[in-house]
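One-letter residues, chain by chain:
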Amino acid sequence: MSSNEQFNQISPSEFFYRNRDLAGFSNPTRSLYTAVREFVENSLDACDHSGILPNIHMTIKAVDPEKPDPKQYILTVKDNGPGIPSKHVPLAFGTVLYGSKFGLKQARGMFGLGATMAILYGQITTNKSVKVKSNADGKTRFDFEMLLDIQKNKPVIVKKQETPSSEKGLSVSICLDGDYSKAGTKIRDYVYQTSLITPYATISFDDPKGEKFHHKAIIRSMPPAPTIIAPHPYGIDVETIRRMLVDTHYQIPNVDDKMIEKVRKELGMSKKKFTYDEIMKKTEKKWKSLSRPVRVVISLMSFLEADFEKLQRIRIEDVDLRNNKLVYWDYSTSQTLVAEMDIESHYYKQLANTVQGESLTHFLSKRFQRVGPTAALEFCKFAKFKPETRVGNMTDQELVKLSDALQTYEGFRSPDPTCLAPLGDGPLEKGIERRFEPDFMAVVQRTASAYSGFPFVIEMGIAYGGKIETRGTTVYRFANRIPLLYDEGSDVVLKVVKDTDWNRYKVKNDSAPMIIVSHICSTRVPYKTVGKENVADRPEIEKELRLALQFLSRKLSGYMSKKGQAEMAKKRANLYSKYLPLVAQFCTELSGNKKEPNYKEMIKEETALNNSDGTLEEVKKNG
Amino acid sequence: MAKKQSKKETKKQTKKEKIDKSKNLISLLKKHGAQVYEDLENGEFPKFSIPNRSISNIIYDKKLRQYVLGTNTSLRSSRNSSQLRSFTQLLWLAFFANKLTHEKKSSTLRDVYYSSQAFAVDFEDQGESDNIIVDLEAVLSQPREDFYVFPEERSSIFGDLTIEYTIPGYEGKTQNLSSHPDGYAIGPSMTSAELVDTSAELVIAIEKGGLFTRFVEEQVDKKFKSIIINTGGQAPRSTRTLLKRLHDEMGLPVVILTDGDVYGEHIAMVIKSGSANAAHLKGLTVPDAKWMGVWATDIDKFKLPTIPMTESDIKRCYDLLKDPRYQEGLWKRELEVFIKIKRKAELEAFSKYGLNNITEKYLPKKLEESKSF
Numbered sequence: 048m049s050s051n052e053q054f055n056q057i058s059p060s061e062f063f064y065r066n067r068d069l070a071g072f073s074n075p076t077r078s079l080y081t082a083v084r085e086f087v088e089n090s091l092d093a094c095d096h097s098g099i100l101p102n103i104h105m106t107i108k109a110v111d112p113e114k115p116d117p118k119q120y121i122l123t124v125k126d127n128g129p130g131i132p133s134k135h136v137p138l139a140f141g142t143v144l145y146g147s148k149f150g151l152k153q154a155r156g157m158f159g160l161g162a163t164m165a166i167l168y169g170q171i172t173t174n175k176s177v178k179v180k181s182n183a184d185g186k187t188r189f190d191f192e193m194l195l196d197i198q199k200n201k202p203v204i205v206k207k208q209e210t211p212s213s214e215k216g217l218s219v220s221i222c223l224d225g226d227y228s229k230a231g232t233k234i235r236d237y238v239y240q241t242s243l244i245t246p247y248a249t250i251s252f253d254d255p256k257g258e259k260f261h262h263k264a265i266i267r268s269m270p271p272a273p274t275i276i277a278p279h280p281y282g283i284d285v286e287t288i289r290r291m292l293v294d295t296h297y298q299i300p301n302v303d304d305k306m307i308e309k310v311r312k313e314l315g316m317s318k319k320k321f322t323y324d325e326i327m328k329k330t331e332k333k334w335k336s337l338s339r340p341v342r343v344v345i346s347l348m349s350f351l352e353a354d355f356e357k358l359q360r361i362r363i364e365d366v367d368l369r370n371n372k373l374v375y376w377d378y379s380t381s382q383t384l385v386a387e388m389d390i391e392s393h394y395y396k397q398l399a400n401t402v403q404g405e406s407l408t409h410f411l412s413k414r415f416q417r418v419g420p421t422a423a424l425e426f427c428k429f430a431k432f433k434p435e436t437r438v439g440n441m442t443d444q445e446l447v448k449l450s451d452a453l454q455t456y457e458g459f460r461s462p463d464p465t466c467l468a469p470l471g472d473g474p475l476e477k478g479i480e481r482r483f484e485p486d487f488m489a490v491v492q493r494t495a496s497a498y499s500g501f502p503f504v505i506e507m508g509i510a511y512g513g514k515i516e517t518r519g520t521t522v523y524r525f526a527n528r529i530p531l532l533y534d535e536g537s538d539v540v541l542k543v544v545k546d547t548d549w550n551r552y553k554v555k556n557d558s559a560p561m562i563i564v565s566h567i568c569s570t571r572v573p574y575k576t577v578g579k580e581n582v583a584d585r586p587e588i589e590k591e592l593r594l595a596l597q598f599l600s601r602k603l604s605g606y607m608s609k610k611g612q613a614e615m616a617k618k619r620a621n622l623y624s625k626y627l628p629l630v631a632q633f634c635t636e637l638s639g640n641k642k643e644p645n646y647k648e649m650i651k652e653e654t655a656l657n658n659s660d661g662t663l664e665e666v667k668k669n670g
Numbered sequence: 445m446a447k448k449q450s451k452k453e454t455k456k457q458t459k460k461e462k463i464d465k466s467k468n469l470i471s472l473l474k475k476h477g478a479q480v481y482e483d484l485e486n487g488e489f490p491k492f493s494i495p496n497r498s499i500s501n502i503i504y505d506k507k508l509r510q511y512v513l514g515t516n517t518s519l520r521s522s523r524n525s526s527q528l529r530s531f532t533q534l535l536w537l538a539f540f541a542n543k544l545t546h547e548k549k550s551s552t553l554r555d556v557y558y559s560s561q562a563f564a565v566d567f568e569d570q571g572e573s574d575n576i577i578v579d580l581e582a583v584l585s586q587p588r589e590d591f592y593v594f595p596e597e598r599s600s601i602f603g604d605l606t607i608e609y610t611i612p613g614y615e616g617k618t619q620n621l622s623s624h625p626d627g628y629a630i631g632p633s634m635t636s637a638e639l640v641d642t643s644a645e646l647v648i649a650i651e652k653g654g655l656f657t658r659f660v661e662e663q664v665d666k667k668f669k670s671i672i673i674n675t676g677g678q679a680p681r682s683t684r685t686l687l688k689r690l691h692d693e694m695g696l697p698v699v700i701l702t703d704g705d706v707y708g709e710h711i712a713m714v715i716k717s718g719s720a721n722a723a724h725l726k727g728l729t730v731p732d733a734k735w736m737g738v739w740a741t742d743i744d745k746f747k748l749p750t751i752p753m754t755e756s757d758i759k760r761c762y763d764l765l766k767d768p769r770y771q772e773g774l775w776k777r778e779l780e781v782f783i784k785i786k787r788k789a790e791l792e793a794f795s796k797y798g799l800n801n802i803t804e805k806y807l808p809k810k811l812e813e814s815k816s817f
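Quick note, the sequences are listed as chains A and B, same order. At position 489 of the first sequence the residue is numbered 536 (my numbering), and the sequence of numbers has no breaks. At position 330 of the second sequence the residue is numbered 774 (my numbering), and the sequence of numbers has no breaks.
Everything labelled a hint here was simulated from the structure, so no lab data went into it. Positions of the beta carbon are idealized from the N, C-alpha and C atoms, including for glycine. Among the hints, a few may not be true.
Said to hold, decoys possible - Derived coverage of chain A by chain B (criterion: at least 3 residues anywhere in the stretch with Cβ under 8 Å from a Cβ of chain B; other residues may be distant): (1) 193 to 200; (2) 636 to 649.
Said to hold, decoys possible - A few chain B residues that don't get close to chain A, going by computed Cβ distances all over 10 Å: (3) R497; (4) S498; (5) R509; (6) T515; (7) S559; (8) P625; (9) G654; (10) P749; (11) Q771; (12) V781; (13) G798.
Stated by the list, open to error - For lysine-lysine, the following DSSO-like pairs were computed, each having C-alpha atoms within a straight-line distance of at most 27 Å: (14) A:K609 to A:K625; (15) B:K784 to B:K810; (16) B:K745 to B:K805; (17) A:K617 to B:K491; (18) B:K475 to A:K647; (19) B:K474 to A:K647; (20) A:K233 to A:K259; (21) B:K491 to A:K642; (22) A:K333 to A:K309; (23) A:K641 to B:K474.
The shape of chain A in the complex, shown without the other chains (with noise of 0.2 Å):
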């Protein structure tokens, strides 16, 4: 590196500039999916997140209709959701990495980022401002015109205007070079996979060449929405942890003969017996000089007006500061004492100071979701850590081997999925029955669990039959309720449906009339790729992936046993028609008689018993 070599920041605008293929902006066909998705998802995300039926519409116009693909083309996309204030507008569109969405939550986009760089992608490509209509408060509607200052990662307003408006909702127009014909299927694939997983929301679309399509809202109530809330023990890192103890890093001291022995040692006390009062009136002169385990422990005698022999016979349970109040265990009298504390004093802030050094147990039980006591002993006990050890005075390797256990420790109860929006079985199962009217069809959704510390679930629907047109397993991926349309060879979706041995369930793999629907739920979907089309297969989601096929598949294989059965004894009713009067035929010419026997009644018969009769044949046979 040469000594006159210029270090320069570069704002991340101009980062996503120079690196915009990274984000799906590699060419004109790709580039006008990858705006629609943003736009879209984002107005799916607001309504959520605002618990609004979402009502969304779309247009794309090309410019000039008559010129050949790539060409300019206006995009618009218009919600019903909560809008955005005029104040956040311009940084909200005009910035990049500006958003609501950094949290521990799952949504479809993570950080608002795509949008804005659909918006730059417009303006690298036609050089045209974006538009942008917001109604937030359900008064007043603020049309904007924007550029975006890409060094300066700075919103320029080129116009603004305001209009009294009832309607909630934002709106949002961008001009992009793109290739409706090559990108079309896609978009109108997207759009409809987006209503199949999305079935309380209605989305029209009205494309270039004038077709409407227009998915009405199948239910009209939401999935409950997610919350933020605290790290799994699964899906924690040694990091992590220590970001979790950084205020923790004191801790009350062990009472022990030792360690009283140091206190009489600084505070110059040669007697074996004192009085609370004399400790403490020493403590007054000596304060200053005092070490902090010390401190510590003369803090914890002036709240509990004990002297060493008092201290000896008890136990610090708890120093809750919430409450100002210290717990503690009396061996004497065999049960949990209380004893206030007076916050002014300043024996309060030493302990308050240190008290954050937890036990072991009490972290884990805090600060963590799906912990309660008896599981953090339990897990201690499997880590071989004392429960009642400090977290703060914890060393680095202990720390590892802490991250370690919690990983593999099999005890803890699965991730809370409250900080998820599965869609749910109800609603996946009308979503598929209303869109195939399928003859067979189950839904799952397992419980949840979690990769590298991020909680996911996975939801799974089959159907079988009825209107479904696609012969051969097809395949609806969805994450975070964004459908998953390119690269799907590499999905981990498709590996599973791949390596599931269909004949043992009984389906006829390669021209069966079957769909599967995939929704896989995380606060951290782990796609391959920045452009979020494939999720990688980890083990985790895998197993979860499998279980979830695995029991649809067997649910399939019942139906279609049943199926099997049915058309066994149509098949069996048909062969008794069709043979037993050849049958008659041939023996009444071959035995010399005239007229046919009467063998009609059998035939009767046995179409009448052959429901019952074919079972029984079937089960033999299998048996």
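Given chain A, put chain B in place with the hints provided.
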């Protein structure tokens, strides 16, 4: 003269037998038909009892010197939905066989397959219909030739033998089988013909058509007073029937000449004692027939050019060693020599020593030898 007289008597007897056989068959078929009719009339599901032809039920009968079926039978019932179809097929075939026998019209396996289609009785392929034909053979214990279903493959016959046709349109017509040097095809008309007269004292069955022609050219029929039959590889059943009749009715000894390999040896064995495939049938074997050569021991003896045996040849040797018929004498000895030398010689190998070497040197020598075993 006395000999001829006796021959004529036998002939008359056989003619009568033949008519009886045909009548027997028809009444047997009718009996089965009547049984089915009666069952239906009583509201019962008709069924056939078919001798089991699985390997476990095939046993070697030392007295008869052939494979026969054991006592196991399986039931094919129209009550069982998975058997209904094949039951109908079997009944149809009985019906069809009845028609053929009545009208004395011959047909082939392939004919049967296509004929079925006129009656809405469907066979998936010819394999299926062939199987049903064997089923009927087993039910009736009669070969299919008796109900006028003949194999496609044809072998041929040449020599001084006069026959009298019995097929419609040729009844009473006679033919001497030495008038055409290419030989006469052994088809339905030949199989069903009366054997009237012969001057031959011997039947030579040869495995190969080429050698058959050579034998005719070299006038083996005259030189050795013989009837020559080309089996065309494994002898078809009609040919085996004819061999049996030549032996039984005309009192002619049968000798067999095959390639010097394990397959040749087995061709001779099948003529002599039948095949496991036809264990359900009797009357296809010539237990007194003699395998004249080419033996494994001949290869060295006559210094024949050889080719190495293939792996499947050797495997076949070991398979046959387990066959009860190969447990003793010539059969076992030759098989073991084949295994030892691992080489084989074809009939044509004699051509190394001149085209007529086989007829002038080998044949007389072996014929002489064969009298002693």
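Structure-based check of all given hints:
Figure legend: the stretch 193 to 200 of chain A, annotated as covered by chain B; annotation inconsistent (0 residues with Cβ-Cβ distances under 8 Å, at least 3 required). Check on the stretch 636 to 649 of chain A: 10 of its residues sit with their Cβ under 8 Å from a Cβ of chain B, so the three-residue criterion for coverage holds. Residue placement check: R497 of chain B keeps its beta carbon more than 10 Å from all beta carbons of chain A (closest about 22 Å). With a least CB separation of 19 Å from chain A, S498 of chain B remains clear of the 10 Å interface cut-off, as annotated.
Every Cβ of chain A is farther than 10 Å from the Cβ of R509 of chain B; the closest lies at roughly 36 Å, confirming the non-interface assignment. Against chain A, the non-interface label of T515 of chain B holds: every CB pair exceeds 10 Å, the least being about 26 Å. Look at S559 of chain B: its CB is around 13 Å from the nearest CB on chain A, clear of 10 Å, so calling it non-interface holds up. Here P625 of chain B stays apart from chain A, with its beta-carbon at least about 46 Å from theirs, past the 10 Å limit.
Its beta-carbon lying about 46 Å from the closest one in chain A, G654 of chain B satisfies the requirement of being farther than 10 Å from that chain. The claim that P749 of chain B is not at the interface with chain A holds, since no C-beta of that chain comes within 10 Å of its own (minimum 55 Å). Listed as outside the interface, Q771 of chain B is consistent with that label: its C-beta sits roughly 41 Å from the nearest C-beta of chain A, beyond the 10 Å cut-off. Non-interface call for V781 of chain B relative to chain A: holds, since the shortest CB-CB distance, roughly 50 Å, exceeds 10 Å.
Non-interface status of G798 of chain B relative to chain A is upheld: no Cβ of that chain comes within 10 Å, the nearest being about 60 Å off. Taking the CA atoms of K609 of chain A and K625 of chain A, the gap is near 24 Å; set against the 27 Å cutoff, the hint holds. Pair hint K784 of chain B plus K810 of chain B holds up; C-alpha atoms about 23 Å apart against a cutoff of 27 Å. Taken as a hint, the K745 of chain B and K805 of chain B pair is honoured in the structure, with Cα atoms around 13 Å apart against an allowance of 27 Å.
Of the pairs offered as hints, the one joining K617 of chain A and K491 of chain B holds, with about 23 Å between alpha carbons and a cut-off of 27 Å not exceeded. Proposed proximity of K475 of chain B and K647 of chain A is supported: the alpha carbons are some 23 Å apart, at most 27 Å. Restraint check: the Cα-Cα separation between K474 of chain B and K647 of chain A comes to about 23 Å, which is no more than 27 Å; the hinted pair holds. With a C-alpha separation of about 15 Å, the suggested pair K233 of chain A and K259 of chain A falls inside the 27 Å cut-off, and the hint holds.
Only pairs whose Cα atoms come within 27 Å are accepted, and K491 of chain B paired with K642 of chain A is accepted, the gap being roughly 21 Å. Annotation: proposed proximity of K333 of chain A to K309 of chain A holds, straight-line Cα distance about 14 Å (limit 27 Å). Of the supplied pair hints, the one linking K641 of chain A and K474 of chain B holds, its CA atoms being roughly 14 Å apart against a limit of 27 Å.
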